[in-house]
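Protein sequence lines, in the order shown, are assigned to chains U and C.
Start counting the first sequence at 10; every next residue gets the next number (this note's numbering).
Start counting the second sequence at 1286; every next residue gets the next number (this note's numbering).
A hint or two may mislead.
In silico lysine-lysine, BS3-like type, Cα no more than 30 Å apart, as pairs [as the list claims (entries may be wrong)]:
| no. | chain 1 | residue 1 | chain 2 | residue 2 |
| --- | --- | --- | --- | --- |
| 1 | C | Lys1292 | U | Lys255 |
| 2 | C | Lys1288 | U | Lys203 |
| 3 | U | Lys258 | U | Lys203 |
| 4 | C | Lys1310 | U | Lys203 |
| 5 | C | Lys1310 | C | Lys1288 |
| 6 | C | Lys1310 | C | Lys1292 |
Note that these hints are calculated values from the structure, not bench results.
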Amino acid sequence: MSYASHLRCRECGRQYPLEPLHVCEFCFGPLEIGYDYRALARDLTRGRIEKGPLTVWRYSDLLPCDREQAVDIGAGFTPLLPCRNLGEALGLRQLYIKNDCVNPTWSFKDRVVTVACTKAREFGFDTLACASTGNLANSVAAHAARGGMQALVFIPSDLEQGKVVGAAIYGPTLVAVDGSYDDVNRLCSELADKYPWAFVNINVRPYYAEGSKTLAYEVVEQLGWRAPEHCIVPLASGSLFTKIWKGIKEMAWLGLVDWAHTRMSGAQPQGCSPIVEAWERQSFDIRPVRPNTIAKSLAIGNPADGYYALKVLEHSGGFGVAVTDEEVVDGMKLLAEAEGIFAETAGGVVIAALRRLALDGRIGPDELVVAFITGAGLKTQEAVLDKLVPPLHIEPHVASFEEAMARRQEAVAAGAEARSTWRPGQNQQR
Amino acid sequence: MAKQRVKFTFPTELIRDPVIWRLGKEFEVVTNIRRADVTEDRGWVVLELEGELEEIERGIQWVVEQGVRVDPVPGDILEG
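Using the sequences plus the hints, can you model the full thing?
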């Protein structure tokens, strides 16, 4: 059962019933879900959680809707992998990757959309909508299909065909909008006011955002009911970052972990880093930017939860890190070559930031570190397409193969085709 | 009559200009400020605009032309 009890304004604290509202009627501050923590502390135990399904709905007591009604395509309970190779490369002895590439539509968005879709259906909406350039569109279209809802997905008209397929296959109404990203934002805001749709990150945003907390619950449980000492999380709107923090804190409030003083560090690409830029200025004033980065899934120039992400950075003693597009590609290759995980560009941002923090000594060698990889690399292949070693072309006989292999080995020895980032036994620390 | 909730972000050079007063004076738009944070070198204001939809849009266009950034209250809606 759900223990959600009300909506609460994050600015003025006013409370509202659990309805499809997202801003406070008085101050227009954002709303978030409040829970009956007293009842949760009484009823929720590790054992009760462990009896649940191996999806995000395992934690339904801490979500704003009931699991019996869930629109569930199997999001969550993704692997938490100890990373000895990458840890060795970065000088970290207790490094884990939370691999959210393996969700049903290959990104963490399935966690938030399964909650948004379930709640939207509970509210009686028949249409699920979003504006997206990729991961969110895929997940909304898939969950709407499963839930028997109409899906309306708005995309910029210049979006590459390849990105459209991952949503189009589920049969949504795709609407390509001419104009800038700002134009798309303004249009969707107006449409959400005018039509009776569940727009996942507008009118059902408070419910949607709660799905991200499940990343924290899973990590804590998979670590044997321990909170990590340091989390490295990609920053886009800032919502994921703040919800992972909230999830860890809830585990402590409810007595499910003894210690929860996790440092939260956030990673952005330099071409869209309004949160890290404000953190570096030691300010809580976000200056919106026009995104220009290969990490498209993090390209949010005016982050809705940027201010709250800055608060978490401050309270937790974490760091903000902005990395170049070149570092992003190196990060993707490093993760793939060291651990066999092909992450999208946002994963490259996280690994590049992790590497910086390790090299700068901001993460200690014995810290228990979790890096969050939020989407799969097949969606952003173009980022690495011309950075990979091409295949050997040979005639169909042994001699041709052996000649080609000898040439490749010479090239590797000369450094022309080396696997540039990592080899077994090779410590990368300078 | 329509209502729109928007966020104005002011650059330093416009902090001293009465942009919101002029918006209400020059267009048939009622401006209703709900939350703001303004210092000597930057500022933002969250407000509701009420009027005919076309008049609100003309007013917003004018505000943008003055150099103010205008965003929906929930921030960027378009996500990756």
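*Going back to the hint list, which numbers does this structure go against?*
3
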